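Assemble chains B and C onto chain A, guided by the hints.
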Amino acid sequence: MNEALRYVLLAALFLFLYRVVRVVGEDLRAASRELDRPWAVLLVEEGPGLSPGEAFAVRGEALLGRGTGNDVAVPDPEAGPRHARLVASGDSFWLEDLGCPGGTYVNGRRLEAPAPVRHGDRVRVGSTVFRFLQPRGPRAAGV
Amino acid sequence: MHPAGTLPTKGVWWRGAELYALALAVGLAGAALVHANKHPQDPPLALLYVAAALLAFPAVDRVLQAGESVLLPVTALLVAVGLVTTYRLQPHLVAYQAAWVCGGLALSVASFRLACRPVNPQRLVTPLAALLVTVSLFPWGWAWVGRGLVIRTPAEAAVVDVASELAKLLALALGVAELPREKVRGYVAAAWAAAATLWLLRGDVGTAAVMVWVVLALAYCAGAPLRSVVAAAGGFLVMGVLAYFTIPQVAERLRGWVNPWADRLGVGYPLVQSLFAMAAGGLIGAGPGAGYPELVPQSHAGFVLAAVAEEWGFSGVVALVAAYAVWTGRAVRAAGQAKVPWLRLLAAGAAALVGSQAFLAAAGAAALLPPTDVAMPFVSARGVSAAVHLALVGAVLAAPRARGELPWGTG
Amino acid sequence: MGDRLRSLAALHIGLFAVVAAWVGYWQVVRGPDVAHHPENPRLLLAEDRVQRGRILDRRLEILAHSVRRGGRTVRVYPKKEVFAHPVGYRSLLLGKAGLEASADAELVGMAEAESWPALRPRAGRPRRGLDVVTTLDARLQREAWLALGPRAGAVVVVELSGGVLASASRPGFDPNHLEERWAELRWSPSSPLVDRALSGLYPPGRPFGIVVLSAALSRGLVNLHSPVDCGGAGSQRIRLVRDILTGDCDRALVQLGVALGGRVLREVAEAVGLGQLPATDVPAAAGALPELDGRDRDVLARVASGDGGMLVSPLHMAAVAATVARGGERVSPYFVQAVRGELGIVDRAPVRPATRILAPEVAQAVVEAMKVSGKGGMPAVTGVVRAGRRSVGWFVGIGSAQQPRLAVAVLVEGAREEVAAAVAQKVVEAALRVIR
Numbered sequence: 001m002n003e004a005l006r007y008v009l010l011a012a013l014f015l016f017l018y019r020v021v022r023v024v025g026e027d028l029r030a031a032s033r034e035l036d037r038p039w040a041v042l043l044v045e046e047g048p049g050l051s052p053g054e055a056f057a058v059r060g061e062a063l064l065g066r067g068t069g070n071d072v073a074v075p076d077p078e079a080g081p082r083h084a085r086l087v088a089s090g091d092s093f094w095l096e097d098l099g100c101p102g103g104t105y106v107n108g109r110r111l112e113a114p115a116p117v118r119h120g121d122r123v124r125v126g127s128t129v130f131r132f133l134q135p136r137g138p139r140a141a142g143v
Numbered sequence: 001m002h003p004a005g006t007l008p009t010k011g012v013w014w015r016g017a018e019l020y021a022l023a024l025a026v027g028l029a030g031a032a033l034v035h036a037n038k039h040p041q042d043p044p045l046a047l048l049y050v051a052a053a054l055l056a057f058p059a060v061d062r063v064l065q066a067g068e069s070v071l072l073p074v075t076a077l078l079v080a081v082g083l084v085t086t087y088r089l090q091p092h093l094v095a096y097q098a099a100w101v102c103g104g105l106a107l108s109v110a111s112f113r114l115a116c117r118p119v120n121p122q123r124l125v126t127p128l129a130a131l132l133v134t135v136s137l138f139p140w141g142w143a144w145v146g147r148g149l150v151i152r153t154p155a156e157a158a159v160v161d162v163a164s165e166l167a168k169l170l171a172l173a174l175g176v177a178e179l180p181r182e183k184v185r186g187y188v189a190a191a192w193a194a195a196a197t198l199w200l201l202r203g204d205v206g207t208a209a210v211m212v213w214v215v216l217a218l219a220y221c222a223g224a225p226l227r228s229v230v231a232a233a234g235g236f237l238v239m240g241v242l243a244y245f246t247i248p249q250v251a252e253r254l255r256g257w258v259n260p261w262a263d264r265l266g267v268g269y270p271l272v273q274s275l276f277a278m279a280a281g282g283l284i285g286a287g288p289g290a291g292y293p294e295l296v297p298q299s300h301a302g303f304v305l306a307a308v309a310e311e312w313g314f315s316g317v318v319a320l321v322a323a324y325a326v327w328t329g330r331a332v333r334a335a336g337q338a339k340v341p342w343l344r345l346l347a348a349g350a351a352a353l354v355g356s357q358a359f360l361a362a363a364g365a366a367a368l369l370p371p372t373d374v375a376m377p378f379v380s381a382r383g384v385s386a387a388v389h390l391a392l393v394g395a396v397l398a399a400p401r402a403r404g405e406l407p408w409g410t411g
Numbered sequence: 001m002g003d004r005l006r007s008l009a010a011l012h013i014g015l016f017a018v019v020a021a022w023v024g025y026w027q028v029v030r031g032p033d034v035a036h037h038p039e040n041p042r043l044l045l046a047e048d049r050v051q052r053g054r055i056l057d058r059r060l061e062i063l064a065h066s067v068r069r070g071g072r073t074v075r076v077y078p079k080k081e082v083f084a085h086p087v088g089y090r091s092l093l094l095g096k097a098g099l100e101a102s103a104d105a106e107l108v109g110m111a112e113a114e115s116w117p118a119l120r121p122r123a124g125r126p127r128r129g130l131d132v133v134t135t136l137d138a139r140l141q142r143e144a145w146l147a148l149g150p151r152a153g154a155v156v157v158v159e160l161s162g163g164v165l166a167s168a169s170r171p172g173f174d175p176n177h178l179e180e181r182w183a184e185l186r187w188s189p190s191s192p193l194v195d196r197a198l199s200g201l202y203p204p205g206r207p208f209g210i211v212v213l214s215a216a217l218s219r220g221l222v223n224l225h226s227p228v229d230c231g232g233a234g235s236q237r238i239r240l241v242r243d244i245l246t247g248d249c250d251r252a253l254v255q256l257g258v259a260l261g262g263r264v265l266r267e268v269a270e271a272v273g274l275g276q277l278p279a280t281d282v283p284a285a286a287g288a289l290p291e292l293d294g295r296d297r298d299v300l301a302r303v304a305s306g307d308g309g310m311l312v313s314p315l316h317m318a319a320v321a322a323t324v325a326r327g328g329e330r331v332s333p334y335f336v337q338a339v340r341g342e343l344g345i346v347d348r349a350p351v352r353p354a355t356r357i358l359a360p361e362v363a364q365a366v367v368e369a370m371k372v373s374g375k376g377g378m379p380a381v382t383g384v385v386r387a388g389r390r391s392v393g394w395f396v397g398i399g400s401a402q403q404p405r406l407a408v409a410v411l412v413e414g415a416r417e418e419v420a421a422a423v424a425q426k427v428v429e430a431a432l433r434v435i436r
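Protein chains in written order, with the working numbering: chain A, 1 to 143; chain B, 1 to 411; chain C, 1 to 436.
Bound conformation, chain A alone:
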């Protein structure tokens, strides 16, 4: 009984480590992929919970929405918990509305389907407005 428990202990210990190493490895691979993916900045222009001039860096993919679980946390009562998604494809970013009642707007036009966004576009989520900036510079900025 005790002997069995000892091996359960060792097995749990090393299964844990194996799982952790798998996750760490996946994340490292994802990070190196991420470095090759385009990056952009969402600069706050106006919004209830954010001050103009604050910025969010986006690399590869980002979730926009209320609450800290999002990459771009928008403390805006009109924004949905998971409001929109920004996804890099090739060299450019696509914006996707995740079906919140408020809707997502690019340059004042409501998004019906995922659409590409360009440098300088205005993105509105709830009542928060971002300026989308995608500088074409050196990729690895150390972020």
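Be a bit skeptical, because a hint or two may be false.
[Said to hold, decoys possible] With the Cβ distance kept under 7 Å, some of the chain B side facing chain A (calculated, not the full set):
1. 19
2. 25
3. 29
4. 239
Simulated from the structure, these hints should not be mistaken for laboratory data.
Every value quoted in this text rests on a predicted model; they were computed, and no experiment measured them.
Each residue gets a CB set at the ideal place from its N, CA and C atoms; glycine is no exception.
Using the frame of chain A, we list chains B and C on its own:
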């Protein structure tokens, strides 16, 4: 057209749950073995404490939704090992240790929330510097008061423990607040030097070394020239040599380390016993509760690695050390993802704080370095240490989340 | 910035790798050496979790066993003081002695795997050690003990194979009550803790003549019918070599030793085992054999008469007599004949190839001479020597004249050789009954 709908979503919930379940399995299996081997007559209350402390981790994860899938589970594993060794060596303390862990987790939620707000710690530099020196002076004052009252207070050791943990944390906080500036102010550097010297003078090389290590790691990450970091480290080593010649406790430790076998009943006793314990453990160990780690002095605190080595074997040591390596790696990763300068430094400094203490404690117990009384973060049966480091975990988890001004390198 | 973070992580992870490798070295590579270090307190502590094996006599009578008494395990010695010396004792306070010390590894069950992990308890259940079966005979040991009576002395009876049938020493002590009487025993002037049979060292006296005569005969210096000058006056002056051990002719024995020379004398004494550890499996004293090569006549004369710094134990002398009785093949005494586990015999005493050190004719001739000095009884040599301030009576003999089957050495402190001879007579009669 981009197939956005098929992209994997972030934060797979069961991945974290599996890791927490495994950490819980380690804690419960270890505690059950200790119970069966050591206290078969008593009611198995310790299992309840262990379960309660370890189940608090997924709860906190759920509340924070930090999106970091490894750091908190690895912390839970370290805490599981710690609770089992506490139950093994200080069975009367296991309830307190579990309570400290739960309190530390509550603090981590608070520190996560705090770090997510737009805080500017720059204003805190002066109070932090003052507090650091005060805390470092506290054990001296306490000893002086005790002598005046002609009582040897049994609480003195506890006071020194708390002061040591706080001093290390304050040294980190001061760096986090000060170092995003271009140039370090003179009185801040003086506060660090004074605190490290005060601990060194007490013969507590471990606390002084951890403080210096953390501050230098912070300075390095903040962009200080490598030359000055190496020079400062060299300066600390020179002070250590001076301490060897002037402070008897330090000299004794060092002689016990250079050749522990020469005086194995005197200064070499702890190290020789520690090596015996490790040798007795072998590859897979005796099993929790089936060895004799109580023969090693301080095996519940600084020499906890000897206890793990004897009862969990070399495999347990590898798992423990690997867990610390993953912990520091993930904390540094969080630093890399941080968007706010001070949080980036905080995460890097937390990695250095936990990494340096784990390394100094492990190397000291294994006679790789002279032993210092540094506790192993999360594992040693020192409640304050566990709570302080758990509180830090919250801030590290917040680092990639918290928003702030334009990140570096974009301008 | 990113590079600096990466090197910070790399530094810490590298340091952890160094620690893991270092611990692995001490734990796995050097682990077995360090774990077996005699000062490792785990060795003693781990024994408490092992049910220590029993010590048995040749008929499996219990000489020592472990009994649960009031929640703890106690070592019990049912034969009390009779077997105190050869069996010894084991106490957490006082350590171990006798067979309890020398057969310790077997008694705690280490002989199975001979490694530290084997000692570790399996899931908390006490393991059983192995039983040690000795060559001793409980009845004969009791006879020897009783025959010695209240006198200080020792009796050793050895089979010609080397198995020790009895090894008694007086005064003794009760190993069941050792700890409470330790101080008294330790400082008693009669030294009851010393095993006179194995560790008591005395000058051999006339019985050393067996060695001198063996050397002289094997070098062809004399034969049994050579005349020797015994000194004194009258018709008793000139005798034959066969009478040389009787005690009337010590002068001739000394002259024979001097004539042989130091080198030869020492060579033969060493060959029969003097000056060396007499037994293979219990702690016993090696004794002393002085350097003789190139020494002058006086030194040689004193050694040839069984003194001059030479020291032997009764076990040594029993081995010498047994060697002669076995026709010149060296006899090395041993105490452990087998080690038994729960499933049967695990290990037996190794059978050593016989080493011949004397020609059979020489051994036979020495036995003839011993028959003469035994005066019609068993072949034997007796003698009295001074050891310190008292005289010590020796009797070294071979059990029975018709068919040599065992050798006996008796030593009695503060008494004449006749007393030793009387003790030996009783013991050998009992022994011949026992080994039938």
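Each hint tested on the structure:
The restraint placing residue 19/B at the interface with chain A holds, with a minimum CB-CB distance near 6 Å, inside the 7 Å limit. Checking residue 25/B against chain A: minimum C-beta separation of about 4 Å stays under 7 Å; hint holds. For the restraint placing residue 29/B at the interface with chain A, the shortest Cβ-Cβ distance is roughly 4 Å, inside the 7 Å limit, so the hint holds. Contact between residue 239/B and chain A, as hinted, is not supported at the beta carbon level, the nearest pair being about 34 Å apart and thus beyond 7 Å.
Going through the hint list in order, the structure does not satisfy hint 4, though it satisfies all others.
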